[in-house]
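Visitor: Given the sequences, and given the hints that come with them, work out the whole structure.
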Amino acid sequence: MSEIKKIKNLKEFSTSADRFEGANLLCPGCAHSIIVREVLNATNDDLVLAASTGCLEVCTAVYPYTSWDASWIHIGFENGSTAVAGAEAMHKALKTKGRLKQPDRNPKFVAFGGDGASYDIGFQWISGCFERGHDMMYVVLDNEVYANTGGQRSSSTPIGSSATTSPAGRVSYGEKQNKKDMMAIMAAHGSPYVAQVSPNKWKDMVKKIQHGMSVEGPVFINAVSACTTEWKFAPEDTMAITDLATDSLVFPLYEIINGTELNITYRPKNVVPVEEYLAAQGRFKHLFKDEYKYLIKEWQERVDAKWDYLQRREEARV
Amino acid sequence: MAFDKMELRDVEVWDGNFAAAQAMRQVQIDVVAAYPITPSTPIVEGYAKFLADGYVEGEFVMVESEHAAMSGCIGASAAGGRVATATSSQGFALMVETLYQASGMRLPIILNVVNRALAAPLNVNGDHSDMYLGRDSGWIQLDAYSPQEAYDLNFIAFRVAEDHDVRLPCMVHQDGFMTSHTAQGVNTLTDDQAYGFVGDFKPMNDMLDFDHPVTHGVQTEEDWHFEHKARQHNDLMTKVLPKVQAAFDDFEALTGRKYNIVESYDMDDADVAVICMGTSVETAREVAKEMRTQGIKAGVVGLRVFRPFPFEQIKEALKGAKAIATLDRSSPNGAPGALFNEIAGTLYNTESRALLSGYVYGLGGRDLTKQHLVDLYTELQANVDAGKVTTPLQQFIGVRGPKLAFL
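Heads up: the protein sequence lines correspond to chains U and R, in order. Counted the way this note's numbering counts, the first sequence spans residues 1 to 318. Counted the way this note's numbering counts, the second sequence spans residues 319 to 725.
Think of the hints as simulated: they come from the structure by calculation, not from any bench. The structure displayed is predicted, hence computed values, not measured ones.
For lysine-lysine, the following BS3-like pairs were computed, each having C-alpha atoms within a straight-line distance of at most 25 Å:
id, chain 1, residue 1, chain 2, residue 2
1, R, Lys520, U, Lys95
2, R, Lys367, U, Lys97
3, R, Lys367, U, Lys92
4, U, Lys11, U, Lys203
A few chain U residues that don't get close to chain R, going by computed Cβ distances all over 12 Å:
id, residue
5, Lys11
6, Thr164
7, Ile185
8, Thr242
9, Asn270
10, Tyr309
Just so you know, even glycine gets a beta-carbon here, dropped at the ideal spot from N, CA and C.
Guide: This is the structure we're talking about:
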């Protein structure tokens, strides 16, 4: 990696030259743009970017405009990963053949996808890229719902959430399945680096992105992306909701190196009850009815069990 | 160069698959992303072996599906280099979404399509269902009738697709098993001749030019989508055929082998004509020759370029014919047949308004025999003599059970 940005504080970080323009059509309060900016700001290297179909894609490359001041490609809903893998293969081929226009440059290949594009429809393509070991980073903007198409459930949608295809109703508490554990699945691919990040913990995120870009091979980053529209909270509360997500340990921040070495990278000083995280969002409102309160208890038990599991794995180094 | 050249004899015995693989080696592709499917598998196997033996340099990405194969080709092509792959049938069908994206992004990818039926029922043998499935995808479609042509048309494909005035992806079709697995003598080009004919790849709007970042695959809605599609269509309609013709001319100068956008056989004075694609063209030529000995003035028109559809050349080729049969090698699935419709549309405003009838043949690899064509020409002559179409508009050739005829 060429010289890494020397970032001392948030102000410098937020005002440093970046390659994702503020001019875009994302909702006010959308965490996507914050995450993308933090990822791109973590490196000075040239970038080849891809996005799968989703909020990020439809809001940032509406012809004749583009929000991207770096090479960027979109193919379809499912294949952002393979688009970048193809470009990475071409870079390798042209390097071998001595035909790179700028052989002294050291590009990084990064694909962005939402949870639908990553956990569901695009899963096969990501799995293929990781099995083949392309030198690339795949970043999930995980807002736990098909937000771009109006709030349908994905396999990242957490249990008890009300989504348009798993709505809470007179006889239903909404989504019935547990969220898919993509971190474990991607680590099992033998990825050299897998990490869960959150935009409110920006130093932690930058560190992880920089680590991911410094290793060779496919890197998976799962970024929590609070969605004002589908999670149903006020646009100005994005970071407050995200704080609740990390501090309640609903989204624990950790990394897995080489598929085995697990490190917890953020331990909240005061762990917030899961109930507070759920209460702050309209998508869980119905859980506070008497008949569904047991679900909140179950939520807390699941989060506690996962946290316990992560700590045991960290300790065991397996 | 860091790879070894291959010494070829002037004539090699190759099947259509190996001929295509050799062409891919000789033009020195930068990235191949592929997923195997019968009957096209030996093309990428051949390419992989060339790579393993040091006869070609580049990246071979063995992906997990045909959809990913074309996705990888799109990413690689957008990064600025020479890209090709191969597929058939179900794999082609899985690729279809990405085929539109490749042409919409104006990426000069070459796809060798070994034509095969589409399931269900599952069938590994040849028909043109996949070729027709790709006909609206914005790709140039060239059709080879033999291993020699599968080899030669690859060079034409790269040259036309990568031309900066064209910048459109191109398919080279050949018939499953009949061409792909039938070995014949193939006249070869030397590695230098072949590479020289196609030339170095010249990137345009490539993602690896970091001083000029580009955005590929934008979103357009009602305000721009129409203009993009219309421009792409315009370039297909106006630019491609002259470029193909120029490439054919140069290829003839290099090799002596002459290709035409529409291949006319004995059409100068033909009363009855068959129009078809693929290996059936050669069979029809043989039969037409025999019909002439019986006093029937028979001719054959073979489509060499299926997309863009060569309206003017077809009109010219068919202008003297009194009765014409279209041969569709694809299940019409509720219509008179794709080729029938296109030929009917082409001829509607011509003065001759020849008698037109449509035949469906050879689905799933069923043979088209010479006798089938003798019967067909005889029917056409009967139509000519009667001055009207005396047979049904659509007939099925050689299907077992009750005779199938419609309309």
